[in-house]
Amino acid sequence: MSNWIPLWLHKLSSPPTFYRFAGALRPWALALAVVFGAIGLYGGLVLAPADYQQGDAYRIIFIHVPSAWMSMFIYAVMGVSAFVALVWRIKLAEVVAMQSAPIGAAFTFITLVTGSLWGKPMWGTWWTWDARLTSELVLLFLYLGVIGLYQAFEDRRQGARAASFLAIIGIINVPIVHFSVNWWNTLHQGSTVNIFGHSKMSWDMLWPLLAMTLATKFYYAASLFLRAQTDLLSMESGKDWVRKIAASESDR
Amino acid sequence: MSAVQSFFAMGGYASYVWPAYAVFFIVLIADSIAPRLRRRRELRELRARLARQSARAAGNTGSSFPTPPTT
Numbered sequence: 001m002s003n004w005i006p007l008w009l010h011k012l013s014s015p016p017t018f019y020r021f022a023g024a025l026r027p028w029a030l031a032l033a034v035v036f037g038a039i040g041l042y043g044g045l046v047l048a049p050a051d052y053q054q055g056d057a058y059r060i061i062f063i064h065v066p067s068a069w070m071s072m073f074i075y076a077v078m079g080v081s082a083f084v085a086l087v088w089r090i091k092l093a094e095v096v097a098m099q100s101a102p103i104g105a106a107f108t109f110i111t112l113v114t115g116s117l118w119g120k121p122m123w124g125t126w127w128t129w130d131a132r133l134t135s136e137l138v139l140l141f142l143y144l145g146v147i148g149l150y151q152a153f154e155d156r157r158q159g160a161r162a163a164s165f166l167a168i169i170g171i172i173n174v175p176i177v178h179f180s181v182n183w184w185n186t187l188h189q190g191s192t193v194n195i196f197g198h199s200k201m202s203w204d205m206l207w208p209l210l211a212m213t214l215a216t217k218f219y220y221a222a223s224l225f226l227r228a229q230t231d232l233l234s235m236e237s238g239k240d241w242v243r244k245i246a247a248s249e250s251d252r
Numbered sequence: 253m254s255a256v257q258s259f260f261a262m263g264g265y266a267s268y269v270w271p272a273y274a275v276f277f278i279v280l281i282a283d284s285i286a287p288r289l290r291r292r293r294e295l296r297e298l299r300a301r302l303a304r305q306s307a308r309a310a311g312n313t314g315s316s317f318p319t320p321p322t323t
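Top line first, the protein sequences correspond to chains A and B.
Numbered per my numbering, the first sequence spans residues 1 to 252.
Numbered per my numbering, the second sequence spans residues 253 to 323.
The hints are simulated quantities; they were obtained by calculation from the structure and are not laboratory data.
Please note: incorrect hints may appear among the correct ones.
What the hints assert, rightly or not - Under the rule of at most 25 Å between Cα atoms (straight-line distance), these lysine to aspartate or glutamate pairs were calculated in the DMTMM-like manner:
#	chain 1	residue 1	chain 2	residue 2
1	A	K91	B	E294
2	A	K239	B	E294
3	A	K244	B	E297
4	A	K239	A	E249
5	A	K91	A	E236
6	A	K91	A	D130
7	A	K244	B	E294
8	A	K91	A	D204
9	A	K239	B	E297
10	A	K120	A	D130
11	A	K217	A	D204
12	A	K239	A	D155
13	A	K239	A	E154
14	A	K91	B	E297
15	A	K120	A	D51
16	A	K91	A	E154
17	A	K11	A	E236
18	A	K200	A	D130
Unchecked claim - Every beta carbon over 10 Å from chain B, so not counted as near; a handful from chain A, in silico:
#	residue
19	T125
20	E154
21	S180
22	T192
23	L206
24	S237
What the hints assert, rightly or not - Taking beta-carbon pairs under 8 Å as the criterion, some of the chain A residues facing chain B (in silico):
#	residue
25	A106
26	Y219
27	L226
28	S234
C-beta: ideal position from N, C-alpha, C; glycine also.
Bound-form chain B, shown alone:
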């Protein structure tokens, strides 16, 4: 058995060691992606709100419908 093969075999415990490491990385990657998605969503909503406000301030009062977000 080559060195690489024996590394992946983990002395027969591969089915315990590798899933443990997989869980570690999957959970932490999910943890780091979640705030990035939230940040993007918050900023998008804020920009939409600011666009609506500036449209209203510009005298766009003829229609009672809200202006669609520009983004």
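Okay, chain A solo, but in the shape it has when bound:
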């Protein structure tokens, strides 16, 4: 192991330490997700005015866009941890990469379905094979491919390595999804929210969207922590620290 990696990171990547760390942070992440979600939904569904062109149908944006951002964000996290897992063979990086995949697939699925429900009244079609929609569908297939490849191996660490490889190759699709609205003619609207510049959106509509974005980020953290904890329990089931947890929870 390289010596430039700080010591605390070494310690954190040990399964029992990460198990406790994740267990301590998870309730906070979930609570923040619920609080920001409630604020964002109230702001988006009740306080924000109707759009002058799209009426109330645009309110799908408050779940569609945060989910779409999460579908790409989670893929990036998965790709980076897959890279770390392949290069340094860190068990925890494998766990983070493989446990991120189902959450990312869930958000991608939400993006496609809510987008379809938004497209029908606005574009007159549930689906069209344009660049943005197609590349997002490819993203879903990449997630499913990573999950499937991981499950296909008898030895889970071998499976994680194969699936990590696929995850890294697939990361090329993330910028394609993001820039597809600029590179190709598409029915899908361009980006209205810009982190570094001026957002083409009224503040009344923007703040609920940002609140929902935070909510989905915290939800991902909470879900990832629980999935990683569970996976570590099963991966280390012969170890002493797991036996203690199994024994202490036997009364439930």
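Fit chain B to the known structure of chain A by using the hints.
The following block gives chain B in isolation, referenced to the frame of chain A:
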């Protein structure tokens, strides 16, 4: 139309907006339940395995049948 009714009507787009929100919540709730079920199953299996091991260690070798899990 009351404020509550017009809220649920969503300006005539209720049949698109509400299913979208329903999908969002159903998928995320399913996503949060799945690892809880898996965790319970893993711990149950582990406890059963530990019980079998301790039964064998206690000299329960008279029978070749595995001891049934205690839970």
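Among the hints numbered above, which are violated by the structure, and what are their numbers in rising order?
6, 8 and 24
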